[in-house]
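If you read the protein sequences in the order shown, they are chains A and B.
Position one of the first sequence corresponds to residue 1 (full-length UniProt numbering), numbered consecutively onward.
Position one of the second sequence corresponds to residue 1 (full-length UniProt numbering), numbered consecutively onward.
What the hints contain is simulated information worked out from the structure, not anything from laboratory work.
Which stretches of chain A does chain B cover? Using the computed rule of at least three CB atoms under 8 angstroms from a CB of chain B, they are:
no., region
1, 119 to 130
2, 150 to 159
3, 167 to 180
In this text, all values refer to a predicted model and were calculated from it rather than measured experimentally.
Virtual Cβ for every residue (Gly too), placed ideally from N, Cα, C.
One-letter residues, chain by chain:
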Amino acid sequence: MKDLPVAGKALTLLFTAAFLVACSGTDTQQQEEAAAAAAAAEAAAAQQAREAEQAAAREAAAAREAAAEERRLEQAVAAAGSTFYFDFDSSTLTTEARQALDAHIALLRTNDRNVRLDGHTDERGTRDYNMALGERRANSVRDYMVVNGIASYRIETVSYGEEQPVAYGSGEENWSQNRRVELSRQ
Amino acid sequence: MTTLARILLFATLMVSAVSARAQLVIEITQGMDDPTAIAVVPFATEGAGIAPADIAEIVADDLRRSGQFSPVRRDNMLSYPSTADDVYFRDWRAIDTEYVLIGRVTPGERLRVDYELFDVNRERSVLSGSQSDASGEARMLAHRVSDAVYEHITGIPGAFATRLLYVSVERNLQGKDYYRLTLSDADGARPIVLLESREPIMAPSWAPDGREIAYVSFETGRPAIFRQELRSGAREQLTNFRGLNSSPAWSPDGNTVAMVLSKDGSPDIYLMDMASRSLNRITRHYAIDTEPTWMPDGKSILFTSDRGGRPQIYRYHLQTGITDRVTFEGNYNARARIAQDGRNMVLVHQRDGQYHIAIHDLVTDRLQVLTSTDLDESPSIAPNGSMVLYATKSGDRGILSAVSVDGGVKFNLPARSGDVREPAWSPYLMP
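The task is simple: from the sequences and hints, build the whole structure.
This is how it looks when you write it as structure tokens:
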């Protein structure tokens, strides 16, 4: 609908020309000139309207493309998941974790939302030492995001240590699910 | 006091009676080989009224739990004397009793308990006394009688009239966790919920006067350190820093709280002056420094650090600023607590992939593993240095367990439901 003002201006021009013609007495040459001017104005207006239409179409296409890109990034994020797992007693990002994080980083570059990283450990070892290990894991995810262009002020890290397991019970099967960082968009 | 203005009251959260199923129950798993036989005769009631509790039973349970006594069963007693004149030593020798404790309870506005201890072999009275309490806390009176008897016979002050803090977690039918900070007597009786939250509660610790506590609560969505007065329930948030806010530990003089903050990058130990609330950072290392605890003389602080690659115990000397390493045996030694003698240090020690409670003698540098279960943590030592309370797992459930410092006596304190963890044994409490 952006082309309306342009068409409006053209129409005003057209009516002004017609009015001038009606009021300008008997000179035939003047009448012809007026008619030609009116025709030219009409053509110019039509041209402007066409161009505006094309620009709008280009914009709409770009918006559709951007939306599709965002959908694609969102889908990639959904596929990657928001939980990144760690090896025993380690805060080093695994290859899988880096790939998953790359999807989040690509999306975060297109918006200005903040994220929160919750670090967790398994039940082995002391609780307060594990609080520190959980923070180390969250920080290692944060550092990777910062290196890849996400501003650090957009990221908050909180450690829960071993306080909030997702898998209850002992054994590596449970422990490996609990050694994690969870990303949530704020 | 300017701090009073900052104290927040959450009266509805506090001091509510706990449901019976969350109460701890005691299961003795191992006692001494040759415990002392003692007859705790049912106490007589004097005057009008009904005794509010079976004092003799509470005393007998206390002594049994220490592992050093074997109380005589009531149905084996030939008589129930309540005065010295009625104690016939021949009757007690006949059932191999070494000591006899008798007593009288006088109910009323001020509950009173009189007691007398007899040595059967020497055929004489060896200890007598009385305890009274206006608040009518019959169980605490009984524990004080236990303390006196225990001290007379073993030579070590008793720690029965003390209290515990612990954290419990229960999952409701919708799968939601409820965290509770509970205060109870040392035998698990009279539990009171001090704080209930949907978010984690951690690291309860006692002020040296036993009137205040500190702990970590995630109720704001992040960890924060709180202090709370037990009597009034008044509480105050001490910290709200970015990153870790953990491991509060009161200095022996009560003027300073050591804590762990990571606001300046890595987890380090800070001291908060309780009068000015000013902070003083005492460790500066990119490694993890955590789990501070004060030596009884207040001159140095033990803490856990992985600055050497693996967690070990270090000691920071406040006067010189020097830090030295304390533990060298094994590759995981963490969360130390020290006995009042300044010598026996209890800690979590990993051996063959399992986490046990160990005791480390700071004079001889010898380390002895006290427990044989796995995933043992959070050791807390009784104020008389005799027993170590700690958290462990039984099946998939978290329970509390206790072991004597020589490893000879063991008992469990499971809750009837839910997980229990992070016990903190109180200091001696003023009557």
